[in-house]
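Produce the entire structure from the sequences given, and follow the hints as far as they go.
One line per chain: the protein sequences are A and B, in this order.
Per my numbering, the first sequence starts with residue 1, numbered consecutively.
Per my numbering, the second sequence starts with residue 1, numbered consecutively.
Be aware that a few hints might be false.
[Unchecked claim] In silico lysine to any residue, SDA-like type, Cα no more than 20 Å apart, as pairs:
id, chain 1, residue 1, chain 2, residue 2
1, A, K42, B, W252
2, A, K42, B, F298
3, A, K42, B, A255
4, A, K42, B, P175
5, A, K24, A, C51
6, A, K42, B, L193
Derived from the structure by calculation, the hints contain no laboratory data.
Fair warning: this is a prediction, and the values are worked out from it, not measured in the lab.
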Amino acid sequence: METNGILVLGLGLAAFGSALGLGKAIESAMTAMGRQPEAIGKIQTAMLIGCAFIEALAIYTLIAVLLLQQ
Amino acid sequence: MVTADQSSNRSAHARTAILALIMLAGFTLAMTATPAAAQIHEVEHEHDDTGDPHEVAAEQLGEAHGAHDAGDAHDDHGDDHGAGFHLDTIYKLVVKNAVPAVMGADADPKAVKKTSEALLAWKEVFYTFVVIAILAGFFVSVGRSLRDRDPTRKQLFAEMIVGGLYNLFREILGPYGRRFTPYLGTLFLFILLNNWSGLVPLGFSSTSSLANTTLGLGLMTFIYVQYTGIRENGIGGYLYHFAGQPKSGLEWGFAILIFPLEVLGELIRPISLSLRLFGNIYGEETLIAVMVILGTQFMQFLLGLLGEWGVTMGHFLPGFPFQFPFYFLVLIASTVQALVFTLLSAVYISLMLPHGHEEEAH
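The structure is reproduced here in structure tokens:
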């Protein structure tokens, strides 16, 4: 039971870091879109791919938690 | 005339939106009312008697409510799904109760048992084939009656989907976009429908299981990417690409270091692709399942406060639809995940293509 608590805490930490990264990425993308509305399509695609990579870290943690939970 | 058109258009949109909302609400209610929501831990100990499955199902339901009647509805949060909570459990209960109901009262008990066991063991395959049947049925029926003039609504809808996907992949792959749209578009639609099928009552997202579906999709993309690389560059060019495209002598020296790194990076891609999809969809499904259980338990707890009368009512009332707001979240997130999987596949393909063409496209 205690291990599970620690695991969930670690998952929260991972989500926190991932959220910071996502916020930064999306902020920059939004600024870029505002400056150059004609390039929205390209920026959006690049942003989505980048977001996927950032998010992947939290997902890896989730899978580790799923594997390790008792 | 224009305004009349617009207003009728707007009311049509409103009608569609209301219909969708009603459908979602219906889904919510159906999901909450399914016996699965009543209690999940009862199914964990297997009933090994070969008796009538109707009785077994009824027994389970009775036991589930009985556990609540004992008054520890809010106590058993911890030991139920703290430790062994799994999506499979909820699905198991759904199947065990739904199959006898669907097959009718006078069906052979053994056949009922066999069907539910098969559904449990092959659920990913089953729901994957449902999705394939829907997709193939729709697109084959559209493809058979293509018309240049006066297209049907179905054809316009299909054209919208295909055209949108084509525009999306053209942005990444440039002139190659048209050639890879069939594979990537199919991948997108398949993953999207699989993700969404978890929202339908009695449905199940086969993308929420790692080994069965997502790993297969990742491997498929991996093989396709390698095949594309070899076909476009030839075996020599393919290996040259892995060596980091060295030109001077110094770069050839570094190629020895770069080659294993590139190969490793290539091998990790399908794993990360499939893990990302699995993790996201599994997380969403678990979120909804937890919310369903929470809603039911909260309802039972509130009714329990009313005394004997409330407990009786608890047998008939579904839980609070706590999961309803999360449906929208899951709808959006499922789309994004399907999109991400296909976009990354497109990027991997574009990295394998000869680089000169990519520059021309920009």
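- Message: Checking each numbered hint in turn, tell me which of them this model violates, lowest number first.
- Response: Numbers 1, 2, 3 and 6 - these are the hints that the structure violates, sorted from lowest upward.
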